[in-house]
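Residue numbers (the working numbering), protein chains in the order written: chain A, 1 to 400; chain B, 1 to 400; chain C, 1 to 382; chain D, 1 to 382.
Hints are computed from structural coordinates only; laboratory data are not their basis. The beta-carbon is built from N, C-alpha and C at its ideal position, and this holds for glycine as well. Check before you lean on any hint, since a few could be wrong.
What the hints assert, rightly or not - Ranges of calculated distance between the beta carbons of each label pair, as one might list FRET restraints: (1) 382(A) <-> 8(D): 39 to 47 Å; (2) 261(C) <-> 52(B): 50 to 58 Å; (3) 14(C) <-> 383(B): 37 to 45 Å; (4) 232(A) <-> 265(C): 44 to 52 Å; (5) 65(D) <-> 48(A): 51 to 59 Å; (6) 65(D) <-> 275(C): 56 to 64 Å; (7) 281(B) <-> 153(C): 34 to 42 Å; (8) 266(D) <-> 383(A): 31 to 39 Å; (9) 62(B) <-> 275(C): 43 to 51 Å; (10) 267(A) <-> 35(C): 34 to 42 Å.
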Amino acid sequence: MDLALSGEQRRFRTEVREFIRANVPDDVSAALRDGRSVGKDGLVRWTRILNAKGWSVPHWPVEHGGTGWGPIEQYIFQDELQLAPAPQMLPFGHQMVGPVIYTFGTEEQKRRFLPRIANLDDWWCQGFSEPGAGSDLASLSTRAVRAGDHYIVNGQKTWTTLAQHADWIFCLVRTDPNAPKKQMGISFLLIDMKTPGITVRPIRTIEGGHEVNEVFFDDVKVPVENRVGAENKGWDYAKFLLGNERSGIARIGATKERVRRLKEIARAEPAGGGAVWDNPRFREKVAALEVELKALEITQLRVVSGETKRTHGTPDPASSILKIKGSELQQAVTELTMEAIGPYALPFEPEHDEGWNEPPVGPDYAAPVAPGYFNTRKVSIYGGSNEIQKNIIAKAILGL
Amino acid sequence: MDLALSGEQRRFRTEVREFIRANVPDDVSAALRDGRSVGKDGLVRWTRILNAKGWSVPHWPVEHGGTGWGPIEQYIFQDELQLAPAPQMLPFGHQMVGPVIYTFGTEEQKRRFLPRIANLDDWWCQGFSEPGAGSDLASLSTRAVRAGDHYIVNGQKTWTTLAQHADWIFCLVRTDPNAPKKQMGISFLLIDMKTPGITVRPIRTIEGGHEVNEVFFDDVKVPVENRVGAENKGWDYAKFLLGNERSGIARIGATKERVRRLKEIARAEPAGGGAVWDNPRFREKVAALEVELKALEITQLRVVSGETKRTHGTPDPASSILKIKGSELQQAVTELTMEAIGPYALPFEPEHDEGWNEPPVGPDYAAPVAPGYFNTRKVSIYGGSNEIQKNIIAKAILGL
Amino acid sequence: MDFDLSEEQTLIKDSVSKLLKGEYDFEKRERHRAAPLGFSEEIWQSFAELGLTALPFTEDDGGLGGGPVEMMIAMEAFGRALVVEPYLASVVLAGGALRHAASAEQRAEILPGVASGETRLALALFERQTRHDPALIAMRATKDGEGYRLDGEKSLVLHGDSAHGFVVAARMAGSPGDTGGLGLFHVPADTEGLGRRGYATQDGMRAAEVQFSSVRVTADDVLGDPEGAYPVILRVIDEAIAALCAEAVGSMERMVELTTAFLKERKQFGMPIGGFQALQHRAAEMYMALEQARSMMMFAAMSAEEPDAVARRAAISAAKVQIGRSGRFIGQSAVQLHGGVGVTMEYEIAHHFKRQTMIDLAFGDADHHLALLGESGGLEAA
Amino acid sequence: MDFDLSEEQTLIKDSVSKLLKGEYDFEKRERHRAAPLGFSEEIWQSFAELGLTALPFTEDDGGLGGGPVEMMIAMEAFGRALVVEPYLASVVLAGGALRHAASAEQRAEILPGVASGETRLALALFERQTRHDPALIAMRATKDGEGYRLDGEKSLVLHGDSAHGFVVAARMAGSPGDTGGLGLFHVPADTEGLGRRGYATQDGMRAAEVQFSSVRVTADDVLGDPEGAYPVILRVIDEAIAALCAEAVGSMERMVELTTAFLKERKQFGMPIGGFQALQHRAAEMYMALEQARSMMMFAAMSAEEPDAVARRAAISAAKVQIGRSGRFIGQSAVQLHGGVGVTMEYEIAHHFKRQTMIDLAFGDADHHLALLGESGGLEAA
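Using the sequences plus the hints, can you model the full thing?
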């Protein structure tokens, strides 16, 4: 047993860190550090830099542009991106539909889509959730009816992240409403967002931003060749997709970076004639967060290390711990940062691109803090709510 | 709306306080203050003092020895007993079987038992719980078979508090095993503990004391006239008993008294060259407890105040809050007291009557502290566990 | 002891509730806050007509002579409906400073306008470096002939953008950290040298940064002892906290109500999600947190007029701790139990959550007040 | 990075587990602690035969040269079985002081006996007023000819009642609060002037109060610099905390196991109570707390030999915080979920709960270490 990285792993970490530091655009890194959005353009620029280096889809098979790194190297790479901070790749293409296509797609689909995903030539979004189906995904009701060499799709998806930028959407649709189990009549379609009949309506989220959307399908024609795998087998591909990649879920590196930022702010923010950081109780709260974070980092490494011995597509149920604790810590750090700025959480100052161009009220670090706290409430809801994750632990691990 | 006590209520409080202060035996009060047991003898002496004053069963109907006080006066009286500290009356007679007897019993039962309860001439214990029936009380299996003018009782009760001192036990027994619902075949019997066939086995509890017992019934003959009410209707009387008196359940006064003691100990116990109380973080923890306690005190008063408008025997479901929060606070104060003495929680020094007669290890206030913490874990388990209480709130108040 | 409302109090409660029920559902509230001033002048007028703006002022000052319990009733109703009108700013904060510091003449001149709703004032108290401690005020007031000259900047002035005038705290003597040397001044908004920049706040209200450059006021504009305002400021803050506790409880109550309804209505896996025991218990914990907060709201109201400042401050801190913790737990739980719906601007729950958050941060959060309480030896020592 | 055990480590784990499985179920454990010394001399002998008592000592000192990971493996197994033998006292604490402070000659004389299990030592460190801070030690050591004279009282000396000898911390110079001036002395138990009073502890083990009245020791009995022992004492405490973390995790693991089994087996309202979602979630939270504690147990083991004392102390404090919090949550939850069965001496769970409680309080509880960590700037600053 040896918890330290090996010499080779340390060298790898240094190489990754130096490449990121030298290549991530300053404005992009600064936006992340300040808690602002990097925007579509920032993500596209950075993805192309990584893709040129051969690192935009490191976890893919080598023949499709992957690196062949092991789980620990993959983890180090993600961790360094988060620590830098540098954007992680858009998950919808890189983590979700990409692996589905190279595992279950036709040669034509692989040829057509995979390189454009790796280079973010195509911006993908995910059409799974529906208004009537939250955690109970399989009860979805968007219909696709076969008509010759097309499907005609009607229905509605919701919580569709960044659909406003998307070129493509991958959707679960119901192709057999009479299947004996609701999981059995579902197919997996790739749909061009420019197809007539698709309408995107923004949902304004709690912090005031535009991150998610409703997507309406009104007699949308989708060529049959854009179905992945067999008709009515879509649920299998969805399960594969959802179980595929959990190691990034805890976002340890990102939370570490946010703790660094929190300490900077607490040292700068005046209180009681000194700074917030001078308050022992405040420092204890930060320390308590760091303890849980260190514990989770090691738990994460234990899970990653175990992945080398697991078969692909069967995630360790212990990864539910990563989701629960990881999301709680992401929330805790935003909450403490808000406590640090205290009264200066109050002003509502939307980002420049949304029309705010006044000097900041109070300190220049304050504006994104309360929105960050509000927005981060979502992380214990999406991707399988923390309640669902506890069910998984109780059943899959404890056998209750 | 006026949250202050009225002049008359304040005068009543003063009268009660002064009587208790003048009359509670010093050794009895000191034992409570130190966190030790008052013993059977201490409780009997104190009960008889109160009974002579006419205050041992204040909540009973006046014709059976009650005082006619309203709910607020009843509450003030209990509160003052706890604050003094002075022992509260043994609940099994005073709160439980007494009201069942005067409500559902025969004249002969009233005449025979009630005065002896009020004066603690008879020590009662409660035979409800069984090994196979915890929170699911109605699934009890102790059998009583009618044989002429007797029942023959066989079975086992458990968690029987202070049965080692008891003269009488009131029991739920199954008289009709074929009743369509398990609640419907149960009767309520009063059983003399001296009857042949009864065996009491002590259960050593977590802190090392002897508070609870198993009671075994082996062909125990119980005269039919010792049945309360109708045969097979015992569940109704049990429900009446359990729902009868909740206002003492939060034990606000007792916890206040324990907080006072905690502060004394924290001021005395050395730490870091000063005292534990000098640590701001420790004082914050005590303050946090006091805040919750003050809130609960007002919540309690709101419930008590509402009782004046409720019909007897239908407790406010909000009293589940009193049980949950009250038990949590009882546990919190014992936990903080243990944190205050820190390493001196370690020595195990049973009370004198159990054979320990050495000088104390460390400070003389330390010995009962860890046992107090351990023992108090039970308060969130008994009397309807806190999980059961949350079910009640969810269903009876929120309608879920 | 009596937890029932008097006839008059019941009347206030019923009339506010009726008004808000008709004119302040969530959709209308969103329209009110989109109005030019950030709130509805019509609603403000209705508040005045109901006597709400006159509530805490004596009859001599044009008011109704209500006390903390009446204020509690009004604020609790405002909390349920997420009212955005400048009631706290004008009536409780600035009005409170005038009630406690101003002379009879000053009150007679200024307060009838406040009580009738025609004049809306704001309290310019905090500055960039003060956080929640008015002793750290740096803004200077200098004797200038018969009057005074004010120089400095005030920050996060609630509803300062639309106020007709300000009550301003400034330092005549001493340096930041001293509790002595502070004065309160009444300054009409159109006074020369006064500049302001308004902005929206995270909870859907408004605030302003206010600059004072050689702002001149007369001797009649100083409210009370020009170097002895500190105790009055503390008292006004305590009254504001008591009022905020009631607003918070109204909002918590609404969140518990909305969440319970959602749990009954929303179906997943073929059943209402309210059938899942883990969610039932979470809802039960929310209810307990609400009732504990309600009790401390009453405690705050009962203590707001306590003459012993040390006991009053301890009680108010205790209430603020409970309200902050309950509000945070209920707010976070309500959002979590609503799932995706909980994190959009399109539903009421997120707005309650944000308002709770800002109430906790106002005048010091729960941990700040817990520290104060710990320092003073706790609740029983006070 | 490698979370697997080496072949040797696996061997240790398997052999301890096998021994404890056979000789240390709950019933046998209760018999062991009822023995005259408060533990079983036979079990102690078995530990010696397995090499456990020799584990941390170098081969030159008669040991096996194991490191913190080997110690972790042994202590975790002890924790699962609630072992009451004086392993921590003799091997980890007193043995650790000797390892780090004693000369080669002293080690050669004393340690082979400790390593073989024949000699059992105790570390006499804390006093009534020290709480967890060895700098507050007051007991005096005075130069007395070629040797030293020891006067004072030591408190809560783990297994001090049955120890053959003591390592004693005493002050040569300075006054309580000074980190300088402390020395460590080896004192056989039968030395004249040494008195002790043994007693049982809440967690089923033993401890003693030890008095020193003009106890005379030779120059050969001082371990290292007679005024420079403070850093060694801190190091020994940190190693003991790392070992306790592992013991705690072993016990937590057992509690999660027992509780899960109980939930499956115990029926109420016609179903196993493990079918109730609220209890399932509580159990899931216990499991998470266990795994977080396990991670920090590994972190403590990895950090125990960290040469930078500041970084080492921060890491050990962090581990103690996590273990204390996880242990408290798991212990309290395990008792609660067991219901009445959880609060009797007759079942295993209560004994784990009490041991967890005492581990948290040993060498400073979770909040104490959190304060230390906060003072030093947190984990990343270290």
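(request) Return holds or violated for the Cβ distance of residue 281(B) and residue 153(C) against the range 34 to 42 Å. (result) Because 35 Å falls inside the window, the suggested range holds.
(request) Determine whether the Cβ-Cβ distance between residue 267(A) and residue 35(C) falls within the hinted range of 34 to 42 Å. (result) 41 Å, holds
(message) Looking only at beta-carbon atoms, does the pair residue 65(D), residue 275(C) fall within the given range of 56 to 64 Å?
(response) 60 Å, holds
(request) Starting from the hint 43 to 51 Å, judge whether the C-beta atoms of residue 62(B) and residue 275(C) obey it. (result) This hint holds: roughly 47 Å between Cβ atoms.
(message) Please check whether residue 65(D) and residue 48(A) have a Cβ separation lying inside 51 to 59 Å.
(response) Because 54 Å falls inside the window, the suggested range holds.
(request) Just tell me: holds or violated, for the beta carbon distance of residue 261(C) and residue 52(B) against 50 to 58 Å? (result) 56 Å, holds
(message) Does the beta carbon distance between residue 266(D) and residue 383(A) stay inside 31 to 39 Å, or does it fall outside?
(response) Holds, since residue 266(D) and residue 383(A) (Cβ atoms, about 34 Å apart) stay within the stated range.
(request) Given the hint of 37 to 45 Å, check if residue 14(C) and residue 383(B) actually sit that far apart at their C-beta atoms. (result) 40 Å, holds
(request) Take the C-beta atom of residue 232(A) and the C-beta atom of residue 265(C), compute their distance, and say whether it sits inside 44 to 52 Å. (result) Violated, at about 32 Å.
(request) Using the beta carbons of residue 382(A) and residue 8(D), state whether their distance is inside 39 to 47 Å or not. (result) 46 Å, holds
In this structure, the one hint that does not hold is number 4.
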